[in-house]
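Protein chains: 2
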Amino acid sequence: MARRSSASRRKEEKEEIAGADESAVAVAQHPAWSPQSRVVVESIYPEIDGGRYPVKRVVGDLFEVWADIFRDGHDVLGAALLYRTADEPQWQRAAMTHRDNDRWSGTFRLARNSRYFYTIEAWTDVFASWRRDVSKKVEAGQKVELELAEGRQILAAAARAGGAGARAIRAALERVTAAASPKEQAATLLDEGLHRVMAEHGPREDVSTHFQTFELIVDRPRAACAAWYEMFQRSQGTDPTRSATFDDCIKRLPAIHDLGFDVVYLVPVHPIGRVNRKGRNNTLQAGPEDPGSPYAIGSREGGHDAIHSDLGTLADFARFVKSCRELGMEVALDFAIQCAPDHPWVTEHPEWFSFRPDGTIKYAENPPKKYEDIVNVNFYGPHREALWRALRDVVLLWVERGVKIFRVDNPHTKPIPFWEWLIREVQTRHPDVIFLSEAFTRPKMMKALAKAGFTQSYTYFTWRNFKQEIVDYLTELTQSLCREYFRPNFFPNTPDILPPILQKGGPPAFKIRLTLAATLSSVYGIYNGFELCEGTAIPGKEEYASSEKYEYKVWDWDRPGNIKPFVAAINRIRRENPALQEFLNLTFWRADNDNVLFYSKMTADRRNMVFVAVNLDPFEPHDVTLWFPIGEIGLGDADAFEAEELLTGTNHLWRGSPQHIRLDPQDSPVAIFRLAVWKHVDYRTPNP
Amino acid sequence: MARRSSASRRKEEKEEIAGADESAVAVAQHPAWSPQSRVVVESIYPEIDGGRYPVKRVVGDLFEVWADIFRDGHDVLGAALLYRTADEPQWQRAAMTHRDNDRWSGTFRLARNSRYFYTIEAWTDVFASWRRDVSKKVEAGQKVELELAEGRQILAAAARAGGAGARAIRAALERVTAAASPKEQAATLLDEGLHRVMAEHGPREDVSTHFQTFELIVDRPRAACAAWYEMFQRSQGTDPTRSATFDDCIKRLPAIHDLGFDVVYLVPVHPIGRVNRKGRNNTLQAGPEDPGSPYAIGSREGGHDAIHSDLGTLADFARFVKSCRELGMEVALDFAIQCAPDHPWVTEHPEWFSFRPDGTIKYAENPPKKYEDIVNVNFYGPHREALWRALRDVVLLWVERGVKIFRVDNPHTKPIPFWEWLIREVQTRHPDVIFLSEAFTRPKMMKALAKAGFTQSYTYFTWRNFKQEIVDYLTELTQSLCREYFRPNFFPNTPDILPPILQKGGPPAFKIRLTLAATLSSVYGIYNGFELCEGTAIPGKEEYASSEKYEYKVWDWDRPGNIKPFVAAINRIRRENPALQEFLNLTFWRADNDNVLFYSKMTADRRNMVFVAVNLDPFEPHDVTLWFPIGEIGLGDADAFEAEELLTGTNHLWRGSPQHIRLDPQDSPVAIFRLAVWKHVDYRTPNP
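Residue numbers (the numbering used here), protein chains in the order written: chain A, 1 to 688; chain B, 1 to 688.
Think of the hints as simulated: they come from the structure by calculation, not from any bench.
Fair warning: there could be bad hints in the mix.
To be verified - Below, computed lysine-lysine pairings styled on BS3-like, alpha-carbon distance capped at 25 Å:
| id | chain 1 | residue 1 | chain 2 | residue 2 |
| --- | --- | --- | --- | --- |
| 1 | B | Lys143 | A | Lys370 |
| 2 | B | Lys369 | A | Lys137 |
| 3 | A | Lys143 | B | Lys369 |
| 4 | B | Lys370 | A | Lys143 |
No experiment lies behind these values; they were computed from the predicted model shown.
All chains should be built: construct the whole structure from the sequences, respecting the hints.
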């Protein structure tokens, strides 16, 4: 992207606005004289905000595009979806088909982890229009000699034009010329095979390309299906007086792998500031032994590019990354832009920060709250370009060190254009990098960050506990336009958020929330301690008491009351059932009890059908009638189907839609049924 | 608009697409470095297709614009709606206000009949952000000395910057400097008056203008409220063997004026072709005395710029226009682009037409139907620019001759870019010109023509007879996005369409359809003969028998069975009730009978409230309970309201929502109530 001074840019923008006199920009792009706007191509789906932001998909998806396409009069149209990846100059083409009411669609398979572009081209199919008209006249018994001559002219011009179809067209032309009668000529010209050749190679008029090119981010599959485990690395050891090391963390990996997670996410691994360091439970004065919050990044030891010496060395980190990889897991790193007051950048690049009238640096604050242990960079200071590049280079450095997933801390307090730029900069070089937006804020900002390019987003799921609010929220996520760009990552807890249901509901609540997170969304995660049902909060708050954010902590990873087998089972069920690896295939079904949520995920081919019933009340058992959509899966009222409950391994042979079950939170608050339809064996058909 | 060869244009477009590598066009317009995209401005309403097409309003309207506006962090924002007319280089500004959930709105009054442009600017309000933060700190009892120094700095910079508010700002600065204590300083700096001055004149950062400029067509009021009378001019006389003249038509005007119409619309007034002229009832062979269809335009006598000699001279036409004007009515002319084979253009400009392999001209057709009496111009022939200009000049010529309204015949068989160009060309010179699109075709094409610029559009109303289909269609027209650009003109009949209900239902049907057209829509029209309840069709068709399209006709304008007093009453009621002069104020209410439609139109100030009940069944009387929305008009269940039936002049004093009435089609199938709420007179308040 060319760099220009903001002053010159401002001037140009002003002129642009003044020059808008010649009217709407879009109109200027459509000179009326040209036949290249004759065919209307509009109401394209999917596209975000008039093409301003990219749509998201993953490698392997079949990408489907819809548009209204029409022109004046009655001529026959053709249309194609044009697409290419960012590094290919040549457009590829996929035919579009008219569906109904001037709505067309086309598809292509997404083969690469890359940004794609797509647009639509439409045209008048000269030969097909001629053919349709002549066919009607022939049917009506009208004379068509002159029309046949016109058909020959179209063919002759197409043959002269050469190209791929020219040989077939010439052959047809010879057959027409040799035809003994008008009737025979007509038969040759109206031949279905010739029609197909001409549709592909015949003349096209009014070729109109939509005035916009739309962008599509195609991520690797793990962007859309993963189970995250958030590991607070300094608490993974056994000595409560010191930080655990990467070696301690490596020892923990087999257990995390056994729980079935794909991504191990580490909070910031960098040196922690000493100036204004926070003490236990977020107190203002740290004791000499207090380790401070890892989100106050940077000290004399180093900044965002360094490793905290308590954790080990870069080599230790590399071994950690390798150990994860060997277990089929991937590392995600926290990217938190704020700096401790003693971050090296503060002295090396004071121009990246803001200072107050008395010469002191400006601390972070959200009045009347103050965050004395961190300072924020000034994204729009006079040296912003160097700052932005330095931040980008931090990410690129960790990518080189083997990290391909970044959980971004508080992105909503940094400018959206910065994220749009940074994510593009990184993904242009490394399209496999995934960014998770940790924004718990107002809805439009959360969506704006996703539009700007974040691969995944934290969500309001953390606070959605009851039936109607879950249905409403998931309906928004799966059915509204945000499904095209906002990919949720459902966390039931985070180091900052211990929601009331987990404080009050005990192990049943943890099972409920885990099941919801893991089966409603194809991407989800837990923060360590969840599997131990840790639920002790600072009274009256949603925060963990004695949070490991501010102190050393040692966990007993096998302590009584843990739900590790349940976690492992849920992750196994996710792995074994492709339907749970998709997100948009979610459907809610009727359950005659407001405490019970009942929903399904099915693969498009119906080979995998998973139905989940969750008792949302962690305290009491509930009886419920579940209404299975038997018509939807091709069954009649009296047909039998097998429902295998995947947590217990028990099987049911059920008939009819309504089925009664009881969900007791002390036993299991959830039931996950895999449905199987037994094939009807007909002895008249051998070996069915 | 600059003229460029289509080849060079094609090349540029190709390069444009290839150059899209640097990614989405919109992104290129938003250099990430610049603070000028920091504030997000999105989801603007109204706008059509991402700003591609203009919104429509009329002079005097208050134009309201909504947008989502937000940025990172917590700073206080400001926003303004920028607007100007096409001929003013300077933007005017209207403040926008935050409503809820990051949604802002602003309004401005549309003073001129012109095209307008509008966009949105938003910024960080530096002083307001400072003030909000300091206020919170003061409330929390924190020390704010340094903050006050920052406040003084902001003020000092604003004072130095000069401008309109500098004097007030300098005065405030002096008061702050003179303040005896930090507390007094704070009071001065946080003063509400200073806040207002600074909001207007203080420093703004991150000033971000939305990357698009939106267009708005502001028509004159008659575009949105008018009653049309379609006059088939050759049938306005008394001699069945010859065409009526403009003088005969002038004689008819007082009667049409008495019926209450605003617009007199004439079918084409030009010479009619003699080659392949159609005979009576659209037969292929015309007799020597047959006048032919006025839609087969042009003969040796002249083309689109000429007057048919049977009607009179240009001077006669001018007198006709003047006579209309004297009665407060306006002339609308048909603009039908097709030509008769003997139109002068066919010989003068053969390059504007298409020819067949045998050298004959290509007639219009929609196979297997043929229209031998007309030929179509070729809009994309090699001389298209001259052709388009000639067509534009035809319109401009009639504008000079006093015609400001054009009903455009079959626009959907001509290219949409042509219309977008032509309407802009004409309205740039004459913004008061109105174009009505006569497209009865597929829904997306009808909307596309409206988006391209047509002021009004014919609709499917002509075929919507029953309750649910009327509610559905009117809900689409008044509640979906098309309300912003598609302005309906409801015709119950046209020379081409005599719908079944008018063939079967007799005078009650005519009263029903007239009432619906005139009270559902603020723009409506009838084709002459409607007031006489003419309903004789060609058997099995929706066409008039012995249509005056193909023969001379003489009407008895006072023949028995006419509903002229009813037509006059309806038009009088429209004139006397401002609520009926709006369109989007339509609301349907509950009526306990599927044969009865019940709806209201109310002015925003509720000074005029009209409720219409229509028995949609022309054959039988129906009893119905109408549920008046008394809560909506500020009444309790027991409060009385007056309902004046405007057709009969009878009054009711009603209490409560449900009111029972009977609508007998033989008497009156409709009732139109004007509601009045009697003021409660309280003797404690003298002279209420």
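What are the numbers of the hints the structure violates, in ascending order?
none
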